[in-house]
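K.L.:
With the sequences and hints as input, model every part of the structure.
Chains as they are written, first to last, in the numbering used here: chain A, 1 to 299; chain B, 1 to 423; chain C, 1 to 283; chain D, 1 to 253.
If you're looking for bench data, these hints aren't it; they were derived computationally from the structure.
Just so we're clear, the structure is a prediction, and the values are computed from it rather than from any experiment.
Ideal Cβ positions, reconstructed from N, Cα and C, are used throughout, including at glycine.
Be aware that one or more of the hints could be misleading.
Capping the alpha-carbon separation at 30 angstroms, the derived lysine-lysine pairs in BS3-like fashion look like this [stated by the list, open to error]:
id: 1; chain 1: A; residue 1: Lys156; chain 2: D; residue 2: Lys91
id: 2; chain 1: A; residue 1: Lys111; chain 2: B; residue 2: Lys351
id: 3; chain 1: D; residue 1: Lys246; chain 2: A; residue 2: Lys156
id: 4; chain 1: D; residue 1: Lys246; chain 2: D; residue 2: Lys141
Listed next, the stretches of chain A that the computed footprint assigns to chain B, with coverage defined by at least 3 CB atoms under 8 angstroms from CB atoms of chain B [as the list claims (entries may be wrong)]:
id: 5; segment: 6-20
id: 6; segment: 178-187
id: 7; segment: 242-255
id: 8; segment: 261-269
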Amino acid sequence: MFDLLTSYTLFSLSTVMGFVALATLLHLQFGLAGIVNFGVVGFWGLGMYAFGVLLIQFEVPYPLAMLLAVAIVAAVSLLIGWVIVDLNDQAVLVATLAFGTIVTSLVTTEKWLTEGVVGLGSVPYPVETGDGALWQFVVLTAVTAAIVIYAARIAKTPYGRLLAAKRDNEPLARGLGKNTSRHKLTIFVITCALMGFVGTLSAPVHRFLTPDLIGPGVTFSAWIALIVGGKRHPLGGVLGVALTIFVFDFVIETYVPVPSEHAATVTVIKTIVYGVTLIVALMFRPLGLLGPGRKRGSR
Amino acid sequence: MRLFRIVARGSAAALLLGASAAFAEGDTIKLGHLSPHTGPFSHFGPHFDGATDFALGFVNQNPPLGREIEAIHADFAALGEGQTARRLVESEGVDILYNSAHAYESYRDWIIGYIAENGRPMMPSVHAGSQKQSYGGTAVEPLFRGSPMDTAQATAVALYARQLGAESVVIVASEDAGMQMSQDAAAEAAELLGMEVMATIDIQTEQTSYRSEVARANNLGPDAMLVFSQAEEGGIMVKNAAEMGMSSMWLGEPNWLADEFPRTATMGAVNTQDGIYIVGYSHMDGPAWDFFQTAWEASEFADLSPAGDSYTMQMYDIINMTALAIEAAGTSDARDWAEHVREVSMAPGTKVYTYEQGIEALRNGEDIDYEGVTGSYDYNDTGVVSGQFAAFSWLDTTEWEQVEAINGSEVLDLNSQLTIDPV
Amino acid sequence: MSLLTSAVVLGLIEAAPLILAAMGFTLIFYLSGFMNIAFAENITIGAFCAVLLTSALGLNFYMSIIPASLVSGVVSVLTYLLIFRPAERRGIGPAEMIILSVGVSFVMRYGLRLIVGPELYFFDNVAPDYYRFMGMGVTSFQVTAMALVVVLAAALYLFMFRTRLGEMMRGLADNRDLALVSGVDPTRISALIWFIAGVAGGLAGVFFGVFSFVNTLVGWNLILIIIMISIIGGVGNIRGAILASIAVGVTTSFIALVSTPLYGEILLLIFFIAFLKVTNRAT
Amino acid sequence: MGDTIEVNGLRKSYGGRVVNEIPRLTLSEHRIEGLIGPNGAGKTTLMSLITGRIRPDTGSVRLLRDGAAIEITGMSLNRVARLGVVRTNQKIQDFESLTIEDSMLLSLATDRDEGPGRLFGERDFRERCDPIIADYVAAMKFADRSAHALSAGEKKLLDIVRCLLLEPKILLMDEPTVGLPTEQTDEVMALVSRVAERQDMKVVIIEHDLDLIWKVCEHVHFMADGQILLHGTPEEVRTNRLVRDKYMGESHA
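P.N.:
Structure below.
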């Protein structure tokens with residue numbers, strides 16, 4: 001059997017694909033619209049858990065549970081969006097970070113709903129005929145591809161230009177009659193709802209949901225990948241995730257198995273390398289690997 | 001004798017083509033050990049690896065079916081238990097997936113399907129006491145536990161509190177899967193024993209202080225505090241109690257036997273309390289224990305833990321049982337192995353106290369009944385083994401001693417009445 | 001012991017190290033205009049120095065406090081000179097500076113992890129003496145922590161509002177261009193402030209450590225609460241940091257006394273988000 | 001008659017210092033009006049109060065259109081611009097990541113164009129805008145529309161073009177000559193006048209270059225110490241003694 005189809009590889013590639021989707025959505029939020037969303041794990045985790053709870057605790061049919069979960073995330077993102085729409089960047093960063101922490105904490109305390117740390121038992125694939133994992137990976141890839149294509153096209157449309165203008169100089173854009181608050185809220189709700197949707201697709205991949213799946217590590221990984229790849233380029237998320245998560249969490253972990261007592265050092269060195277790449281990227285190449293070069297003057 | 005296989009297949013061509021190892025019956029029997037070397041339990045890793053290698057040392061002097069058991073210790077915290085299990089089974093081709101832990105349910109459906117198709121892996125585990133009682137013990141799901149259910153352990157704590165004469169208790173548990181399940185079990189057991197559960201308090205892991213939680217528990221004035229947490233968390237609670245001038249009767253779970261407990265609490269604080277008892281597994285005196293104790297204390301692994309450490313004992317017993325069952329089954333096929341586990345570990349059959357005695361008797365065609373260090377080692381139909389319980393207490397920051405044995409059958413009978421985890 | 005008094009006393013004990021940390025954090029936030037997440041590692045380094053000094057060198061606990069906090073003060077200045085000042089020079093915006101400080105925090109925390117390993121470290125041969133105060137038990141370490149808070153707060157207040165250096169610092173923070181024009185040397189003043197903040201962080205680390213244990217996550221687990229306290233207390237406002245720390249300490253203690261402790265943190269987070277919206281400012 | 005702006009009892013103070021005190025003012029009764037006065041007279045503050053960038057302490061600002069009065073006091077910046085009252089910026093600034101053409105397309109895009117779902121309308125949107133963009137690129141002498149405006153002059157020109165492309169009813173120009181290449185100043189102002197003529201647009205120019213004011217404006221308001229002291233034809237204002245003492249005495253008229 002061709003090795004790609006092993007449950008191990010499918011699981012890894014599905015999680016990597018999930019991160020590509022999250023990083024690309026973060027490109028739309030931060031790279032394009034300038035919203036410093038440090039609560040990525042909050043929207044993704046809320047989508048995953050809402051779906052799991054609806055499906056398992058309330059036995060809602062599969063497609064309806066996904067729809068409702070995404071709707072819940074959209075509603076919550078509208079509320080958070082309203083909170084952060086007129087705050088400056090640092091306040092947005094801390095507010096969204098606090099939101100992500102609230103979601104993780106509530107998942108731990110509301111045991112009657114989420115079973116808390118004991119874990120919410122096995123979320124099935126929509127297609128349970130044995131190659132459910134393969135189909136899930138295909139669907140995740142299709143959704144991610146759609147998001148990347150949307151990100152690539154939207155940049156070259158009036159809406160993309162509007163978001164870029166708002167990011168660069170909001171008062172100037174408002175002076176041209178653009179309702180920047182409404183547009184900021186629209187892109188935020190759309191992309192957060194999509195993060196929730198990716199969460200519903202990730203639930204069956206993880207199969208057994210526990211609060212430590214939705215720790216702050218998810219947000220930091222998406223951010224590091226985007227900064228390294230290139231926050232303003234639609235493919236920044238793809239390249240960033242490939243160079244960080246794919247290389248470290250799949251290639252090295254799989255093909256360079258290290259004796260167990262050195263395993264700790266590999267993870268530690270990985271995080272140090274993440275930290276250093278972040279520092280180097282921000283200091284010397286703020287627009288990342290795919291960032292545009294020096295701007296061309298018109299004279 | 002540490003057997004490591006460092007496999008370097010880093011070539012880009014092999015990027016997606018991890019070769020899955022085919023095996024012939026004649027090859028070695030591969031044991032994939034899910035061992036925590038990163039994450040919150042990383043200090044357990046070396047101890048678990050050493051205890052496993054120690055047990056394999058005896059088995060491989062005269063291996064079952066003449067096939068040496070080769071250990072692959074794989075850290076599971078970094079990549080996740082599910083992914084590490086899949087890598088060990090699919091690409092390393094292990095015959096035995098050893099020590100599945102809390103996240104077993106995330107790959108349970110997959111592995112049951114894989115076993116049905118490929119006849120491996122066998123799944124002996126000392127951590128599976130945290131999994132639902134209904135899982136395991138069959139040819140379809142060859143999961144066999146090396147210790148009683150966590151719930152039984154929690155029932156023992158409640159039972160000993162009753163034994164100490166407690167009428168009312170407060171039950172504290174940290175936000176960890178095993179601890180929360182133990183809390184529910186202890187609460188129900190306490191009620192069954194006629195004790196009043198005044199409150200159940202959840203504490204967060206990795207905090208620097210639990211003063212408010214301890215104060216709240218103390219204000220309720222319970223006769224005893226049943227606490228299910230890691231050693232260092234228990235240590236902080238006892239220290240906070242002493243700092244606040246409060247003194248209570250504490251009953252802790254086996255993790256408190258790690259030296260993190262007294263070193264965090266400081267003996268000064270421990271001595272101010274009415275009493276601190278740790279309910280854990282004890283060994284069963286007899287030829288098995290005598291052989292094991294002398295061998296462990298003479299081995300290169302002796303500094304990893306005292307001989308009486310429950311993990312060390314349980315791993316020794318489960319490795320012996322697994323090897324003997326393979327010999328009895330005549331194959332490393334997990335489905336046949338499962339059928340023979342009970343055969344080698346329960347009556348009828350001549351009682352054997354070490355792997356050496358067991359393998360010899362099997363080769364003479366006798367039926368055997370393995371009596372382990374941790375107990376008579378009899379399995380119920382869902383792969384749960386009986387065990388010996390006892391209460392311990394710390395003498396100083398390095399030494400603890402067994403205070404009193406707890407009646408094992410009383411524990412099992414009380415545990416079976418619990419509703420939270422139907423058989 | 002009524003619920004309220006124990007919540008207040010417990011709150012004060014909880015708050016003491018938090019105040020030290022919040023004071024340090026808010027100083028950097030006020031002067032450099034961004035939230036330095038890597039400040040968490042100053043706390044951890046302070047804790048590790050103290051534990052190593054007491055157990056390895058057998059120093060008395062009180063003797064280890066000063067050197068431990070000085071070390072983390074020096075480390076704090078180094079992070080400023082080596083990374084944050086060049087970054088400011090390159091005109092990196094406040095949001096990117098925070099992400100940069102996350103990177104620095106990762107490198108420092110996991111670099112320390114490589115050296116000290118995963119185990120927990122303890123103040124083994126150190127034991128406080130126990131007193132009784134208002135019906136509640138208190139230890140000498142807790143009293144020292146609270147005393148240090150008062151001393152450091154007073155010293156910082158005097159420094160900021162009664163000394164030439166303090167005035168220059170406030171000038172630099174309030175109106176950078178005006179300060180530069182009037183001959184304030186930004187590097188010297190900033191280095192001094194980062195040093196003072198590092199010392200405060202190290203002190204906080206020492207007491208967090210002695211109250212429980214020391215591992216590489218001591219600072220990291222607290223950084224979000226410290227950020228919230230310094231923003232609620234008002235950036236650069238020492239009195240605000242103290243009041244906010246006490247308020248947070250007392251409320252979380254009170255909630256932990258009556259219901260699930262985690263609800264205390266959740267309520268704080270929700271209040272914090274509402275606070276940001278109402279006051280519509282972060283810096 | 002076109003739109004006019006009416007200000008009643010307007011007052012704005014910063015920490016006790018009164019910056020604007022205008023009991024009564026009507027702007028844009030004429031096609032092109034001027035607003036002159038010494039530095040610190042409060043001209044820019046008045047502009048900001050009208051366009052909603054800042055809120056007045058008391059008083060109201062109304063837009064009179066076809067006999068109806070629309071209350072725009074303190075209305076948000078983008079809604080005032082949406083009503084056709086647009087302002088060019090005194091401070092030189094630009095959208096850092098947008099090219100010259102992008103900036104123009106930004107102004108020309110309508111609400112319908114700017115839907116998050118409109119992924120496929122780009123090509124004919126550009127075709128629709130091309131003629132008007134080509135005119136302005138030529139008029140403003142931009143060498144390459146797909147490049148960025150780097151010099152101050154280019155940024156200023158682009159700022160003005162962005163406002164013109166909105167086809168405003170009233171264009172408030174805050175010191176347009178500052179930063180403009182001197183040889184282009186007359187051309188630009190001539191272009192603005194032509195556009196004003198063609199699109200029935202009113203213009204109010206704040207300027208220190210008085211020659212430009214006297215030449216272009218039909219009516220001039222003189223402001224000092226936060227108050228409108230007098231207004232009239234350029235000839236009346238130019239020869240007024242008060243204006244000469246308070247203002248022209250300083251500047252090299």
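K.L.:
Take the hints in turn and mark each one as holding or not.
P.N.:
We went through each hint and held it up to the structure:
no.	hint	result
1	Lys156/A to Lys91/D	28 angstroms, holds
2	Lys111/A to Lys351/B	46 angstroms, violated
3	Lys246/D to Lys156/A	52 angstroms, violated
4	Lys246/D to Lys141/D	38 angstroms, violated
5	6-20	holds (count 6)
6	178-187	violated (count 0)
7	242-255	holds (count 5)
8	261-269	holds (count 5)
Hints 2, 3, 4, 6, counting from the list given before, are not met by this structure.
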